[in-house]
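Enquirer: So you can see what is in the structure, the chains are spelled out below.
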Amino acid sequence: MAHKVQPAIISCGFCEHASKRSDVNMAELVNEAVEDCITKANIDWKDIDAVVNGNMPAFEGANMPELWMGDHMASKNKPLLRVTTGGTTGGSVTIAGYYSVASGLYDMVLCIGFEQQSCGDTTVGLASVALGEFSIFSDLGYTIERMRSNMGSGAAIGVASYQAMNYMRRSRATEEDLARVVVQNRRNAAKNWWTHLKMPTITIEDVLDTPYISFPLRFGMVCPASDGACAMLITTEEKAKQIADIPVYINGVASYSNESAIIGIDCAGAGQTDPCEQLGAMKSAEVAYGQAGISFPNKEIDYAEVYSPFPNQELMWVERIGLFEENQAPEAYRNGVTALNGELPVNCSGGVNSTNAIGASAMERPAEAALQIMGKAGNQVPKTVHTALGHGWGGSINLITHVVMSDEPQRKWR
Amino acid sequence: MPLPDYIKKQYKKTRTLHGNWYLMNYKYKFNLSRTKVFLKGLKDGVCLGLKCRSCNTVSFPPRLICGRCLVMPDQWVRLPETGTIATGSATYEADDKNRERPLPVIAVRQDGADTIWLHNMPKDIDFHSVYIGMPVKAVWAKERTGSWFDIDYYDALEDPAVELNKKEQEK
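Line by line, the protein sequences give chains C and V.
Here the working numbering = 1-based position in the first sequence + 86.
Here the working numbering = 1-based position in the second sequence + 269.
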């Protein structure tokens with residue numbers, strides 16, 4: 087797939103993330119990120135042609151938040167599109183922005199992902215999202231109390247703990263391996279200006295001392311719930327060369343979904359039995375690499391940002407998306423391959439494990455990866471990054487998005 | 270032991286208005302007819318799986334559509350009461366406020382079936398001792414009403430493979 091128009095990222099903006107941003111409301115929170123993005127790109131807001139935005143539906147009790155923040159998103163008199171796909175909202179918004187530019191309709195598109203979780207009740211939001219699963223449980227005569235306890239408090243950790251159990255069985259990873267991932271993420275987060283959980287002195291023992299939330303995941307391993315927003319400017323190749331010093335070209339995007347291993351999709355599905363198999367992620371990565379012309383991801387990709395609210399997922403994803411051989415990730419983390427000065431740095435921004443504003447999280451992954459290529463990241467890796475990957479995941483049966491970017495435009499085949 | 274405190278910032282507080290959004294007031298409709306045969310089987314003490322005639326996949330509990338060949342499976346097969354654990358975790362019951370009695374949650378693959386489903390093990394089993402591949406057996410409830418919980422819980426069976434695996438690892 088060769089583009090007629092080559093989309094490129096020229097700027098990424100963040101707002102400060104915290105558990106309770108009590109000083110701003112949702113619109114002002116979004117505006118902080120938008121202003122940061124536009125100021126860094128050194129353009130006027132009138133230059134923007136279209137706006138794509140999105141957040142997790144119903145997590146802050148507002149179902150159409152874009153209705154009252156038009157001015158804050160610089161979207162006056164401009165076409166506005168809202169994309170919400172749960173946990174991968176940010177990734178899908180990025181892909182929607184990419185499509186808008188690649189189609190040739192708009193020259194400059196502003197992508198926004200945001201979430202102010204302190205406003206609302208996440209459990210209520212999740213309950214309305216998991217309705218499809220509830221229907222199957224109700225079919226079998228589950229009561230709501232039994233359902234809640236058996237689904238592991240009904241949240242994403244219920245899914246992650248099963249993945250962790252199977253992953254640890256497959257790869258012989260120990261709880262210490264999981265804690266090591268957490269320590270790396272939280273220490274990286276302390277060096278990045280916008281992140282939430284900054285813990286510069288955390289050790290593996292500290293993490294292993296905390297009680298279990300959902301076996302085998304402990305309190306210290308779980309991601310926080312943050313307030314935050316992220317904005318990104320996508321434009322054409324010609325404009326990007328004029329505006330930015332190092333434009334980051336988006337060369338491959340893909341979005342595939344995986345069925346839940348346990349219940350399938352509406353009591354149908356192929357009947358996978360291993361929650362850490364993740365065929366969707368493998369397919370999604372394959373397609374994105376194919377578009378970008380990458381044959382050996384473990385050698386050609388210099389930097390990766392993966393969506394890992396829980397440490398076992400970080401180990402699982404880097405294997406499934408082809409960055410490491412199967413079951414080799416725990417050893418790579420032990421040897422420091424994924425550290426800041428390692429061979430293949432992963433999640434140097436601190437990752438979702440340190441900052442999780444749901445609607446923004448999956449967009450912060452490609453945004454941070456792009457900043458690493460530009461050389462402007464908060465926690466910049468010492469080596470030069472040419473090709474980077476931003477990955478997004480959400481829910482158990484949700485989409486898995488991949489954005490592959492590089493400092494060179496896509497190779498034109500044919 | 271608490272974690273070392275993270276670097277916090279003090280933000281200025283602004284006005285907050287409180288509101289409530291009760292999800293329990295919503296009325297969702299579910300179609301129960303498709304699991305009728307299965308639930309009646311459980312009431313009679315029989316485990317029934319649904320077999321796809323095209324790919325021979327047996328789903329337990331029944332799945333309406335086979336995701337591999339996209340046909341509606343319509344052949345009921347009787348399954349034994351035994352199974353193996355495919356994955357697991359631990360949770361607490363809603364009335365257990367102090368979090369004292371962890372309850373093992375397991376996903377069981379019934380022998381002869383290809384899909385897995387969630388159930389519990391009794392509280393006196395330590396959740397650390399639950400492992401993937403552990404053989405289990407369904408224990409029926411005394412009063413059966415025609416729901417998934419006619420199977421009261423899954424009880425652990427003796428597994429000679431554990432000793433063999435230990436010996437294998439020691440080598």
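Note that these hints are calculated values from the structure, not bench results.
Backbone N, C-alpha and C fix where the C-beta goes; we use that ideal spot for every residue, glycine too.
A portion of the hints provided could be inaccurate.
Partner residues are not named here, just some residues of chain V that face chain C (Cβ under 7 Å, in silico) [unchecked claim]:
#1 K282
#2 P330
#3 Q344
#4 W345
#5 A355
#6 G357
#7 I385
#8 F396
#9 S416
#10 W417
Enquirer: Of the numbered hints stated earlier in the document, which are not met by this structure?
Expert: 3 and 4
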